[in-house]
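Asker: Given next are the chains, with one letter for each unit.
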Amino acid sequence: MMTISILKKALLASAIVLSTTAAYAEDITITVWAGGSNASDSYRMDAIEMAADILSKEQAILGNELNITIEKKRDFGGWSEFKQAVTLAAEAGKAPNIVATSHLDIAPWSEAGYIVPIEDYLDLDAWPINNIYDNLLKIASFDGVQWGIPQDAESRPFFFWKETMSKIGYSDADIEALPAKVQAGEYTLANVLVDAKKAVDMGLVEKGYGFYPRASNGPDFAQFYLSYGGVLQDPATGKLVLDKKAMTDMYQFFVDAVAAGITRKNHIGTDGSQWYADVANGKVAMWHGGTWHYGRYTGKEGNNDFFGTIQFSLIPAGNEAGKANTITHPLVYLITNQETDRAEEIAAQLINIASEPRINTLHAIKSSHLGITKQQSNIELYSSNRWASEATERLLPHASSQPNHLQYGAFSEALWKGLEASWTGVQTPAEAIKEVEAELKAILGDELIIR
Amino acid sequence: MKNFNWLALGFLAPALIVITVFFLAPVILTGIFSFTSMSTSTGVTGGEYLLNQSGIRALADKGLNTATLDQLKNAGYVVDEKGLAALAERHGVATATEMRKLHENGQFSSRRDMERALKSLKANKIRSTKDRKAAAELFKHSLLNERFPTESKFRTAITEGGIPLEDHELIVTQAYTGWVWTVDNVKLLFSLPSTLRYAGNTLIYVTLTLMFNIGFGLFLAISTFYLPAKSASTFRAIWFLPRILPPVMYVLLWKWLTWDTGFIATTLSWIGVAPINWMLDTSTHAWVVVVLINGSFGASLGMILFSSAIKAIPSSILYASEVDGANRWQQVRYIILPHLRWPILFITSYQTLSLLTSFEHILLSTEGGPGRATEVWSLAAYHIALDNYGGNLQYGLGATFAVALVIIGIIASLFYLRFFNFNEMVAKPKIEG
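Chain order of the listed sequences is A and B. Position 288, counted from 1, in the first sequence is what the numbering used here calls 288; the numbers after and before it change by one each time, with no gaps. Position 377, counted from 1, in the second sequence is what the numbering used here calls 377; the numbers after and before it change by one each time, with no gaps.
Keep in mind the hints are simulated off the structure, nothing from the lab. Be careful, since some hints might not be right.
What the hints assert, rightly or not - Residues from chain A shown here face chain B by an in silico Cβ test under 8 Å; the list is partial:
1. W79
2. L104
3. D125
4. D134
5. L137
6. G144
7. S389
8. E390
9. G409
10. A410
11. E420
12. W423
13. T424
All of these numbers come straight from a predicted model, not from anything done at the bench. Think of the CB as a built atom: it goes at the ideal place given N, C-alpha and C, for glycine as much as any other residue.
Let's have the full structure, built from the sequences with the hints guiding it.
Answerer: So this is what it looks like as structure tokens:
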């Protein structure tokens with residue numbers, strides 16, 4: 001009897017040991033894909049790897065063996081190839097667990113069921129999410145659901161080449177006061193036209209290099225629409241808005257810039273490397289770009305005295321109807337729909353940990369982006385970085401974003417088509433607007449408000 | 001079946017498979033897609049049922065009555081008996097009792113608020129986020145933001161939610177996230193102002209490039225025919241280069257040639273011409289470059305075919321013509337060109353069809369610019385279906401553009417067959433009849 005009971009106990013004990021090992025030794029592979037990323041953006045994926053390490057350690061303390069393998073990929077041809085890759089993988093049921101992508105993808109991808117809301121897994125009132133800037137969190141949500149967590153923040157400033165500005169008559173004090181004047185609406189896009197023309201006429205910069213805009217479609221141009229009083233989304237109904245007057249004024253600004261000889265008619269499509277080289281070393285009087293350009297100007301382009309040579313501000317207002325503004329277009333971490341809930345849960349946990357101020361700061365400083373949490377200003381690496389702290393202070397409070405709307409892609413394409421046609425002189429702004437209006441009416445139908 | 005040749009089928013099989021997989025299937029699928037509302041947001045493989053704020057807004061626009069709308073919008077989370085009972089079952093009676101004490105009949109519009117209510121439990125804390133989220137679901141009344149895999153499940157849910165039966169149809173249609181059959185793409189195709197422009201651009205592109213292709217191909221074939229054999233093959237080899245270079249490389253060379261910092265601009269600046277971008281300065285520049293890029297690429301094919309066709313002309317005819325005193329021009333006009341009728345037909349129809357659908361050189365060079373001036377139909381189809389900064393790719397509309405191209409291609413082929421009197425040309429030679 002005794003032997004049987006001992007045997008029973010031994011069996012039971014080994015069964016328990018076996019069952020615990022079987023239950024807790026968990027191996028899981030989490031794939032992370034980051035769009036629009038180059039070497040300096042490596043922390044978009046490395047942060048997840050660091051998070052995996054922390055999560056495994058947390059679980060080990062609880063007695064669970066969790067082995068997470070992180071697979072990283074960021075080599076996609078460009079944004080469109082990245083988006084195609086993600087959607088096709090999702091259709092085939094092989095979506096990467098975590099994607100770092102544009103917040104504009106949330107609307108279509110959530111509708112398609114490719115992604116799952118991160119709020120299903122994370123407590124939004126807990127650390128570190130409760131420390132993330134509210135406006136950034138809002139950008140990562142759609143239709144009242146928190147789909148993702150902002151991965152970084154950025155903003156798109158207007159730049160002035162200081163030396164050129166002083167040669168056309170601005171004192172050092174004037175140049176220092178420019179950002180405030182821009183913000184107050186005292187220095188407008190009309191002044192940009194005048195000053196850039198001066199720079200060209202005085203031979204300080206070549207013809208066509210007075211004002212040097214972005215050379216391809218992007219969120220940047222919506223800023224100029226806002227500068228002239230345009231509105232992207234009607235807050236009451238959530239519908240997209242085409243303000244014909246503001247759009248015409250904005251097209252006209254680029255047409256005027258070409259006519260004045262300060263912007264090249266065939267500027268669109270300028271090679272990226274050439275573009276950076278031109279703006280970073282004084283070949284251009286004024287231009288607009290992004291906060292992450294800082295890294296490129298001071299790094300690859302070899303500008304060793306950024307603050308001594310370049311002034312930055314909000315995008316100036318166009319007229320009284322609009323005001324100085326900037327758009328932030330943060331990337332967001334999204335988790336994709338997987339066969340098992342467990343993979344989604346772990347992915348969400350990893351994103352949560354990767355959003356820790358200290359970890360996010362690594363990305364912010366390495367890639368010249370802005371932080372996502374308030375506490376980053378208390379982290380030495382962040383606060384001691386002049387660019388990050390000044391850009392955060394000067395730009396981020398005024399930053400708006402493009403709306404997460406299912407049809408925003410079509411809207412932005414049409415806006416760009418019209419701008420391209422007016423800019424290159426193929427159509428007048430009035431003709432272009434007429435076509436944009438017809439096109440948007442046909443595609444968006446009820447989802448568009450025309451003013 | 002006795003005469004059925006299995007061996008022949010075996011030999012043909014690889015070709016049949018390739019044709020089916022790479023040609024027939026894409027064409028048929030494109031045809032099918034063109035009558036759907038397929039886009040990134042609908043997905044390709046099917047849909048589910050989901051009501052979100054955008055959906056509610058669309059329902060309001062479609063005239064759903066306000067009472068039902070409010071019902072859908074405001075259901076939210078309610079701390080009711082059913083929920084409390086479920087909570088008691090999962091987390092114990094004490095938890096449920098405390099919850100009742102704190103929030104009985106409490107209504108919360110969002111899940112976050114519901115979770116906050118659960119967090120306010122003091123004596124019976126639900127500590128894990130996961131458990132708290134699951135507990136919040138016990139009080140859920142709202143249908144918003146929940147995905148239902150099938151229509152019947154969704155219908156059951158709205159019935160349980162007390163939505164009047166007469167509104168079900170409208171709500172179910174709106175909630176479906178997948179693609180539906182539709183002819184809207186065709187309507188859109190005819191109503192978009194850009195359609196006409198793309199059609200016009202395509203006409204310019206195909207006509208000019210074709211003229212260049214055939215004309216230049218003929219010129220090369222005939223001129224090299226009269227050259228000594230060795231230099232003739234050198235010339236042909238040079239003109240064959242565009243075809244054997246990788247397209248990206250080939251277009252890059254054109255870019256170096258035409259950019260405002262490129263070869264042409266630099267050379268001309270020596271004689272005082274201000275540098276311009278010779279590819280993108282105006283739409284005329286763009287068209288000239290696009291035609292030259294595609295034309296030089298295409299001319300080599302014509303050159304090879306025409307050259308071999310000329311060589312097939314019995315030399316006795318040419319000698320005889322020289323004896324009769326014909327000059328080179330007369331030889332070309334009366335002997336060579338008539339013999340080249342068949343290869344010219346072939347190249348014309350082949351190139352028309354391939355030009356209609358090829359856009360890679362334009363994509364790599366002007367990308368349709370400046371201001372969409374060189375955006376041809378096939379490039380537009382690509383942009384609509386596969387390239388959109390905002391993320392919502394319009395597969396269905398893009399497919400409709402592509403199908404229109406197939407139809408135009410077929411009409412063009414029929415026209416060529418008739419125009420060149422194809423039947424007569426392939427008729428059996430009378431001499432062997």
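Asker: State for each hint whether it applies.
Answerer: Cross-check of the supplied hints:
1. Given hint, W79(A) at the interface with chain B, holds; its Cβ is 7 Å from that chain's nearest Cβ, closer than 8 Å.
2. Look at L104(A): its Cβ gets to within about 5 Å of chain B, closer than 8 Å, so that hint holds up.
3. Annotation: interface hint on D125(A) holds; nearest CB of chain B at approximately 7 Å, less than 8 Å.
4. Violation of the interface hint for D134(A) is found here, the shortest Cβ-Cβ separation to chain B being roughly 13 Å, above the 8 Å cut-off.
5. Evaluation of the L137(A) hint against chain B yields a violated restraint, the C-beta minimum of about 11 Å exceeding 8 Å.
6. Interface hint at G144(A): satisfied, since its Cβ lies 6 Å from the closest Cβ of chain B, which is below the 8 Å cut-off.
7. At a threshold of 8 Å, the smallest CB-CB gap from S389(A) to chain B is about 30 Å, leaving the interface hint violated.
8. Annotation: interface hint on E390(A) violated; nearest CB of chain B at approximately 29 Å, more than 8 Å.
9. Here the hint on G409(A) is kept, as its CB sits about 2 Å from the closest CB of chain B, short of 8 Å.
10. Interface restraint check for A410(A): the shortest CB-CB distance to chain B comes to about 7 Å, inside 8 Å, so the restraint holds.
11. With its C-beta approaching chain B no nearer than about 5 Å, E420(A) sits inside the 8 Å limit, and its interface hint holds.
12. At its closest, the beta carbon of W423(A) sits 7 Å from a beta carbon of chain B; the interface hint therefore holds under the 8 Å criterion.
13. Checking T424(A) against chain B: minimum C-beta separation of about 4 Å stays under 8 Å; hint holds.
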